[in-house]
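Residue numbers (this note's numbering), protein chains in the order written: chain A, 94 to 292; chain B, 442 to 681.
Hint data in this document are derived by calculation from the structure and do not stem from the laboratory.
Below 20 Å or equal to it, Euclidean Cα-Cα: the simulated SDA-like pairs (lysine to any residue) are:
(1) B:Lys575 / B:Asp477
(2) B:Lys619 / A:Tyr205
(3) B:Lys673 / A:Gln214
(4) B:Lys619 / A:Asp204
All values reported here derive from a predicted model rather than from experimental measurement.
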Amino acid sequence: MGSVAIIDSGGANIASLLYAFDRLDTRAELTTNADMIRSASRVVLPGVGAARDAMERLQDTGLVDVIRNLTQPVLGICLGMQLLCDASEEDDVQCLGIIPGIAGRLPVAEDYPVPNMGWCQTHYAGHSGLLDGIDDGSYFYYLHSYAVPRTSNTLATAQHATEFSAVIGKDNFVGAQFHPERSSAAGARLLRNFVDKGV
Amino acid sequence: MVVKGVQFRNHRVVGDILELARRYCDEGADELVFYDITASPDARTVDRGWITRVAAVIDIPFCVAGGIKSVADAEDVLNKGADKISINSPALADPELITAMATRFGSQCVVIGIDSREENGDYFVYQYTGDPDKTSAAQRRTLDWVCNVQQLGAGEIVLNCMNQDGVRSGYDIAQLSKVRAASDIPLIASGGAGSMQHFVDVFREARVDGALAASVFHSAEIPIPDLKSHLKAANVAIRT
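Same shape as in the complex, but just chain B (with noise of 0.2 Å):
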């Protein structure tokens, strides 16, 4: 099943993810995330069956985030049809994972989710986000981290900014702007995108290589192929 909440929190259920996969796929979705979101604060590894399936009936990337924990369980996820891991808790957790795993497998499997919130004007991350009771801050700030996990072998940065996950008011221009600053890795931007001009503001303002969202195409309130016709009417490369 697939969930979605409000800034990490009070998650229901949006639907079937072998429906909702093919469903994004046909309509022109150009990658998909799945995030185990309870994963990390379980202490448990993702149910990795669902994987296989997904890869069986998809034909566009696709990349799976949670509980991934070591270079074994990368490897499983990698072997079961994932293109791209992505780790977030563990990388805070033990840095160099990230170095082991991009030796491994290449950069360009390893991407680093960072969830991320303002204070009194700077900007912090944040872990185990999946469960708000164990929600708490990692002790690093932001551009930090940015940057260290890019020395670390880092091949793409999906960044959340919590402030505005799923409030649906726009994505995080200037902290995302500060971040692609600091990058020379590929960033996506992720939380908050409420309209289709949203999305145009980020790529055009914050020149992201990509823009995640979740509760606007959950509820198709955003049809991707509009969405697409949008971008491109903007001059947004994008691919329709």
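With the rest of the complex left out, here is chain A (with noise of 0.2 Å):
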């Protein structure tokens, strides 16, 4: 088993994405550096924060196309995965147009506050390695106000005031909406999943 390179987005909150693989006795690394990006076995793709501030440092660090262009297993987490989408209505931001979608924001709705922040149960909508030995209606952690709507390349949903995607995928690349670094046994065995297997 190769490296993980983490993609720094300029976001904070990436030490708990380096010691959830450290858990896992997987070696990870933050990094902008784009030939270390693409030498890696595995990329992810992390985000917290505005989706335009994310999408300017990936443009100056000129990673916008070392991005598009990988060719091994990416997971984008959280804004990660919002920005593997073509777009979000947050900031009216392009993103990298890699998977179809647009984030759009969370309606508010009676017993569904947004920002959604809390244990989400997520059901399979297609087939994902990454769900492998993970039960169907399983609880994962979310926070965010932004999401993707469910589309065919929708892998598995959740429910907040409207069905949306949790995670998305196309060819090599996968975005989770949720933060499997912080969503307990199933978290750790979906981050398992993409160092052994893949997406």
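Relying on the hints, combine the two individually framed chains into one complex.
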């Protein structure tokens, strides 16, 4: 098993992800170095913060095309998942356009405050090796105000006031709206699957 | 060391932070909140080495509160592995701080802690509650402040009902219901948990998004797996 490159998209809160890989005895490194990202056996695009800041950071570090051309398994997490899609209504920003879909603001409804901060049951909507060994309906931890509606690329869904994509994928790229690094045993299993099997 | 008091006074040591964090994580807690209760009154910041140590051993979300006074403080805490930061007294001193943090990290990272006490039929905010000698009224109505922090970009409110803190006689359902009606963002109840039924009541009656407790878990009086079974049997949606 080779190394995991975690792309430094400028957001804070990368430590929890690094520790999650530590707990799996997998070497992971935070980087903006294009060569290191291209040669890693797995790439993670995390993200906490605003979509525009993160896209600007990827442009400034020259990583937009580097990411688009990656051929190894790539996992986007939370905002990182939204960055893999076409666009975000947050600040009306164009994203990487790798997986079809546009992130929109979660609607507020009674008993469904926004942000969605907490554990949501997550249901299969397609097949992904990432979900091997994880029961349909398992809880994962979410922390977001924007979400990608269900599309033909959706692999798992969760429900807030409306249904949204919990896991979405295309080719070697997959994104998770939740935080596997903070989703207890189910999240650890998903990261284990990513390291061992890819997407 | 972790300490716990009664109505924000007479704190005693309840255990080692890493042991407790691991224990709660294994028992099925859904989130941990760490308060550095002496940080704001002493005008010092949190000692942040422990955040890294906690982040390394747990795999559930955790929030850090105490002495986070600037965007730079918040960034440091998040970079060390916290998932959210909670601010209380510094937000009262400078409400614009909420907007600055929400803009930089997103609202979902920014939790506002509100220490609130009933007086003459209304509710009022208190500040510097970590030190009994420095605690003072913030000269704000709780419901005004709840609306205010949402407009400024807060992502979650933890309402500490001071009359109920550590006394184990139930959450302050009346106050929490009023705050619930005034907030579109997640609301966490804090203060007063004494029995498993208190948790059922606060979820059902005040419709809060989460219930925080300390004393009953530290003392092992309410084991978390038993509490979750009890909630599930009462049809409260919960991860088990």
